[in-house]
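So the protein sequences, as listed, match chains A and B.
The first sequence runs 22 to 447 under the working numbering.
The second sequence runs 22 to 447 under the working numbering.
What the hints contain is simulated information worked out from the structure, not anything from laboratory work.
Predicted model, so just to flag it, every value in this text is computed and none were measured.
Glycine included, every Cβ here is placed at the ideal spot set by N, Cα and C.
Be aware that a few hints might be false.
Stated by the list, open to error - Ranges between beta-carbon positions, derived for each pair:
{"hint": "1", "chain 1": "A", "residue 1": "Ser41", "chain 2": "B", "residue 2": "Pro95", "range": "47 to 57 Å"}
{"hint": "2", "chain 1": "B", "residue 1": "Glu274", "chain 2": "A", "residue 2": "Asn61", "range": "25 to 35 Å"}
{"hint": "3", "chain 1": "B", "residue 1": "Val351", "chain 2": "A", "residue 2": "Asp233", "range": "16 to 26 Å"}
Unchecked claim - Just so you have them, the derived chain A footprint on chain B, three or more residues with Cβ under 8 Å:
{"hint": "4", "segment": "189-196"}
{"hint": "5", "segment": "232-242"}
{"hint": "6", "segment": "249-259"}
{"hint": "7", "segment": "329-337"}
{"hint": "8", "segment": "432-443"}
Protein chains: 2
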Amino acid sequence: MAYYQLDETKVEDYVKNLPSMKKIFSSFDNLETKEIGDGNLNYVYFITNKDKPEETIILKQAVPFLRCVGEDSPLSKDRMNFEIMALRKESELCPDLVPEIYHDDKEMALVIMQNLNKHKIMRGEMNLGKKFPKMPGHMATFLARTMFFSSDWYMTSKTENWDAMGVEKKERVKEFVNGELCTLTENYIFSYPFYDQETNEYSPDLPQDVIDMIQKDGALKVAAAELKYKFMNNAEAMLHGDLHTGSLMVNEEETFVIDPEFSFYGPAGFDVGLLMGNMLLAYIAQGYRQKQLGNDPKDYRAWVIDAIKEINNGFMKEYDALWKKHQDEVEYPYWNFEGGAEAFAQLRKNEIIRIFKDAVGIAGTVMIRRTLGLAKVSDIADIQDTKARAELDTEALKIGRQLLLNYKNIETIEEVVKIAQEVSPL
Amino acid sequence: MAYYQLDETKVEDYVKNLPSMKKIFSSFDNLETKEIGDGNLNYVYFITNKDKPEETIILKQAVPFLRCVGEDSPLSKDRMNFEIMALRKESELCPDLVPEIYHDDKEMALVIMQNLNKHKIMRGEMNLGKKFPKMPGHMATFLARTMFFSSDWYMTSKTENWDAMGVEKKERVKEFVNGELCTLTENYIFSYPFYDQETNEYSPDLPQDVIDMIQKDGALKVAAAELKYKFMNNAEAMLHGDLHTGSLMVNEEETFVIDPEFSFYGPAGFDVGLLMGNMLLAYIAQGYRQKQLGNDPKDYRAWVIDAIKEINNGFMKEYDALWKKHQDEVEYPYWNFEGGAEAFAQLRKNEIIRIFKDAVGIAGTVMIRRTLGLAKVSDIADIQDTKARAELDTEALKIGRQLLLNYKNIETIEEVVKIAQEVSPL
């Protein structure tokens, strides 16, 4: 079917004509459709049978421009292909952590999936002081499984045909070349925030010398440039590509990762670092926000720190365990010698620390770009008191700067937390 | 034209029917065709007008199997696409350092090019003790230009449309995914030599404890595994992929790089390291060979060492200069701040050292794989005295081991030479 852009009327006709939707909806007679309209890039519709509200879906369609900017800002609707490919792979690896896909249509650049109407966007919930005790474990699993199983450590040794090792992974990398969206990341995360670029937005009371602390620090800019280059070149694992706290739909029991349209093959530390950076921004923001809500900020912030530790330590532990289990299964003869088990353990340790170091650098970069760059996080940017906001922005920049300057020497999440708490004590 | 395999008769008919060949041959009446038959992978024909011997071409055709093993070992003839793409790009960047292409035909998996009949394969000439004073400078230029101009440092900042930065490079990476040939490299260079794999061949008098020094050293195997992973994942620059001294056609004045069918996007240190490793193997071999020829080995080996230094220092210097010149042209505003020039210089230095370190690791790996793996170098492997050969093999393994174990800390070619000369004094 040739592409056309849906609207609230057309979307119902589209859905009614799909055989697969008969499994979801017992009747199409009394559908209700709402476009939620809060996406930066796409159109998202909730479609519900008003007679049986449990019969509900979400339909997401890409349009050939950047929605938040307008039709003058073209962006290929092919990005939906990446979302579909990533969702399918993620649900194979972590079926309980991504929404169920009911239908996809590459021509129409759309996907129909489970409506997570018992879940809310985690960022907003964190701004209200809600805790999600199972989220850290879920995210550790999501990160470990998507990174390990898409990497060469798994993919090139899962076949008995050694001569074909590596070919399948390379074909995946090729399919996942997501040039347009990666270029957005390269510019808006790694470059623009680091000089006085026209798309940047600085919060009104943020002092110039704090901005200069980022934009005029040679060593910091070298580190950002090196990390950008890694991002552009190291195609090691299938990433979500935009894994912030606004890409998680949560409740007390469940965690769902949504919106993987930025998915591509990149450094395994990238998603880990995006989440780390966003959780650290929440840590900073909640010092102010929880006080405003009349809560004890210490209690909530201590949970945020615990969650950060659990996500990262859990990720490292699970990645290691998956790798070891895989080797036990395939028995790659390379490690069959006296001391081989220890050497293999050393390789795993080296690699996991390398991934973690990259993640720390990315976390620092994220904290900087969410403060000086175009796209903000509501945690801090929605605070109306501009003086208070500038103080939080300053904390974010100081922590981000420390992480980015020192990431090559930071091997544990405890060191990261120490740096954050030195700037912003609990 | 559908693919068919040429032979000495068919190849003449093929050539005669090409309009472009009328520019080369004034007459097709008295052609002489010879299949040289020394390729591992392909068929290579020399075709010459016997009446005017200066009218001569070389035609190289891929067959859908690994020639050196036979029809039972399938290998896609698509590899010729990679050779054609790489040759075209290399001749754009270094027109004097690759043969001129007269014709290519992807369907037929063949290329017709300049017959370098005034040049000889450098490996064989080095075994005879010949010096090529201009080769090191030529190779420094070849390495610097192919690495820099295919990398993101150049490709993502050469456009005024910053939003499109990076897209073209990613499309090139995609075109250059060369799964089958990369898998050969991964197995035969980075894996098999490091354990007792069935395709390995050990020279008859090589002691088991010397083999074990490689195959049972945990730290060394960890280093090899990490380097293999980098090779598989870091798509930074367009590589030749097989840049040994047998891929160079030389005379006193000129140097031509041939046979880039292993070309792909990989770590920029890879080609540098392949050449470094092969030159070090020549250094080792010539201690014995030049003595056998009645020459003073010191004199020739000193030239080899000088050539190694000149290639590597020249590469580093030229890469830096190309990058600086490019920035002067594009004036990327990222570096416009007080101290910006120094920071940019620091980035270049860091990156060039990173590339060099990778090259050292690769050189070590190459020395090991050419000694324990399937594919040997004639420099050492053609020596008939098996005792002498085993001693040279041992030197190669000792140097290779040192380089691979320590590559992350080796920043200059002088340190590499020192390690080589400690094991194998001039």
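Okay, the hints, checked on the actual structure:
1. In this structure, Ser41/A and Pro95/B break the distance hint of 47 to 57 Å, their C-beta atoms being roughly 40 Å apart.
2. For Glu274/B and Asn61/A, the hinted distance range of 25 to 35 Å is not satisfied, since their beta carbons lie about 60 Å from each other.
3. Separated by about 24 Å at the C-beta atoms, Val351/B and Asp233/A satisfy the suggested range of 16 to 26 Å.
4. Counting residues of the segment 189-196 of chain B whose CB lies closer than 8 Å to any CB of chain A gives 5, so the stated coverage by that chain holds, three being the minimum.
5. A stretch counts as covered by a chain when three or more of its residues have a beta carbon under 8 Å from one of that chain; for the segment 232-242 of chain B and chain A the count is 5, and the coverage holds.
6. Counting residues of the segment 249-259 of chain B whose C-beta sits closer than 8 Å to any C-beta of chain A gives 6, which meets the bar of three, so the coverage hint holds.
7. Counting residues of the segment 329-337 of chain B whose beta carbon lies closer than 8 Å to any beta carbon of chain A gives 0, which falls short of the minimum of three for the stated coverage.
8. Look at the segment 432-443 of chain B against chain A: 0 of its residues bring a Cβ nearer than 8 Å to a Cβ of that chain, fewer than three, so the hint is violated.
When held up to the earlier numbered hints, the structure conflicts with 1, 2, 7, 8 and fits the remainder.
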